[in-house]
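Protein chains: 2
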Amino acid sequence: MKATIFGGKGKIEFGERPDPKIQEPTDAIVRVVRAKERKMTESNELSENLIFPKGEKVVSENFIGGVWLEMLVDKDDTFNCPMYNVTFEPGARNSWHTHPGGQILLVTSGRGYYQEKGKPARVIQTGNVIKIYPDVDHWHGAAVDSQLSHIGITTNPQKGDAVWLEPVSEEEYKSL
Amino acid sequence: MKATIFGGKGKIEFGERPDPKIQEPTDAIVRVVRAKERKMTESNELSENLIFPKGEKVVSENFIGGVWLEMLVDKDDTFNCPMYNVTFEPGARNSWHTHPGGQILLVTSGRGYYQEKGKPARVIQTGNVIKIYPDVDHWHGAAVDSQLSHIGITTNPQKGDAVWLEPVSEEEYKSL
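Sequences listed follow chains A and B, in order. Numbering of the first sequence is given in my numbering, commencing with residue 1 and proceeding in unit increments. Numbering of the second sequence is given in my numbering, commencing with residue 1 and proceeding in unit increments.
Treat the hints as calculated values from the structure; they're not laboratory data. Using N, Cα and C, we set each Cβ at its ideal position, and we do this for glycine too. Among the hints, a few may not be true.
[As the list claims (entries may be wrong)] Derived contacts from chain B toward chain A, CB cut-off under 7 Å, selection only:
{"id": "1", "residue": "I51"}
{"id": "2", "residue": "F63"}
{"id": "3", "residue": "V73"}
{"id": "4", "residue": "Y84"}
{"id": "5", "residue": "T108"}
{"id": "6", "residue": "T126"}
[Unchecked claim] DEER-style ranges, computed between Cβ atoms:
{"id": "7", "chain 1": "A", "residue 1": "E61", "chain 2": "B", "residue 2": "G66", "range": "45 to 53 Å"}
{"id": "8", "chain 1": "B", "residue 1": "D137", "chain 2": "A", "residue 2": "M71", "range": "54 to 62 Å"}
{"id": "9", "chain 1": "B", "residue 1": "M71", "chain 2": "A", "residue 2": "D135", "range": "45 to 53 Å"}
{"id": "10", "chain 1": "B", "residue 1": "D137", "chain 2": "A", "residue 2": "K75", "range": "23 to 31 Å"}
Using the sequences and the hints, build the whole thing.
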């Protein structure tokens with residue numbers, strides 16, 4: 001039996017079935033994706049070495065600066081594990097917010113900040129794993145001179161969506 | 001307020017608190033880790049470009065060949081989201097097995113196989129996202145000529161641990 005090859009090098013292809021509820025409901029969904037971008041950022045020579053796709057630019061009042069989002073695993077009742085790749089351009093960040101069921105971040109590229117309300121910001125970078133407890137007010141984003149890419153995992157998604165609060169002001173951000 | 005820096009380039013450091021139940025229970029655990037290895041595999045010149053630590057070599061009857069494991073997020077009742085980095089050397093693979101609550105794989109490096117019982121094996125490689133449905137009999141591992149690293153996420157961990165079945169024989173593996 002020869003293995004089926006889905007997607008060659010540098011190619012983006014989706015192996016998802018048209019309707020997983022009808023055809024072979026126990027088939028794994030192998031989502032075959034490769035990042036197209038592999039370039040140097042202008043500001044700091046840190047390689048923007050994306051493993052997962054950068055996705056689409058986010059239009060939202062909950063972000064300042066350029067932010068890209070690609071859903072890797074949608075919210076559903078089978079896996080209960082929404083996952084997404086998020087890329088912040090230098091200087092970009094999200095607003096203060098909380099997750100009722102918590103969140104985990106896996107930093108895959110670049111450097112940035114993670115901060116909880118009332119505490120010093122922490123520098124986060126490639127290889128960091130960040131466990132954000134339920135209902136903790138926090139924000140994350142890129143450094144001034146580096147992009148930041150992380151995979152986000154919404155834990156206990158049945159407890160509800162993120163609660164968005166006020167933006168991280170220029171004053172707060174620039175004081176880091 | 002200046003940001004606190006945890007861990008410089010190439011350094012492995014753990015930011016975990018001694019007892020999260022007693023001290024500042026809402027602090028995020030920023031686990032600051034960086035992979036030490038960044039080398040070329042001998043067999044195929046694919047870069048073993050590890051983002052997360054390779055961890056310890058696994059001693060288990062459920063694996064054939066060299067397999068390394070690093071827990072990124074332990075099983076607990078807060079996040080319900082165990083995560084681990086698994087690296088298979090060329091030719092290494094796990095036995096057939098099932099997950100009562102499913103599993104998601106994020107391939108971060110290399111190339112290998114994913115196969116479900118009675119179906120052709122599928123080639124998986126860097127950037128692939130694999131959603132494995134609950135109770136589906138399957139195995140995964142490296143190609144003959146490439147290592148494979150993936151992050152594994154046990155979904156719905158409250159439904160139980162993996163159920164291990166028979167090994168993938170040399171005959172099965174070599175026929176791929």
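*asked:* Quick check on a hinted range of 54 to 62 Å for D137 (chain B) and M71 (chain A), using CB atoms only.
replied: violated, 28 Å
Going by Cβ atoms only, is T126 (chain B) closer than 7 Å to chain A?
holds, 6 Å
Per-residue hint verdict: F63 (chain B), partner chain A, C-beta under 7 Å: violated, 20 Å
Does I51 (chain B) hold up as a contact with chain A if the rule is Cβ-Cβ below 7 Å?
Holds, because the Cβ-Cβ distance from I51 (chain B) to chain A comes to roughly 5 Å (cut-off 7 Å).
Notebook entry, point to check: Against chain A, with CB atoms and a cut of 7 Å, does the hint on T108 (chain B) hold up?
Noted result: For T108 (chain B), the interface hint holds, since the closest Cβ of chain A sits about 6 Å away, which is under 7 Å.
Exercise. Hint says 23 to 31 Å; check whether the CB-CB distance for D137 (chain B) and K75 (chain A) agrees.
Key: For K75 (chain A) against D137 (chain B), whose Cβ atoms are near 26 Å apart, the range 23 to 31 Å holds.
- Closest C-beta approach of Y84 (chain B) to chain A relative to 7 Å, hint status: violated, 11 Å
Exercise. Range hint 45 to 53 Å: satisfied by the CB atoms of E61 (chain A) and G66 (chain B)?
Worked result: For E61 (chain A) and G66 (chain B) the Cβ distance comes to about 50 Å; the hint holds.
Under 7 Å, Cβ to Cβ, is where V73 (chain B) needs to be relative to chain A, so tell me if that hint holds or is violated. holds, 6 Å
Checklist entry - Does the hinted range 45 to 53 Å hold for M71 (chain B) and D135 (chain A) at CB? => result For D135 (chain A) against M71 (chain B), whose Cβ atoms are near 25 Å apart, the range 45 to 53 Å is violated.
When held up to the earlier numbered hints, the structure conflicts with 2, 4, 8 and 9 and fits the remainder.
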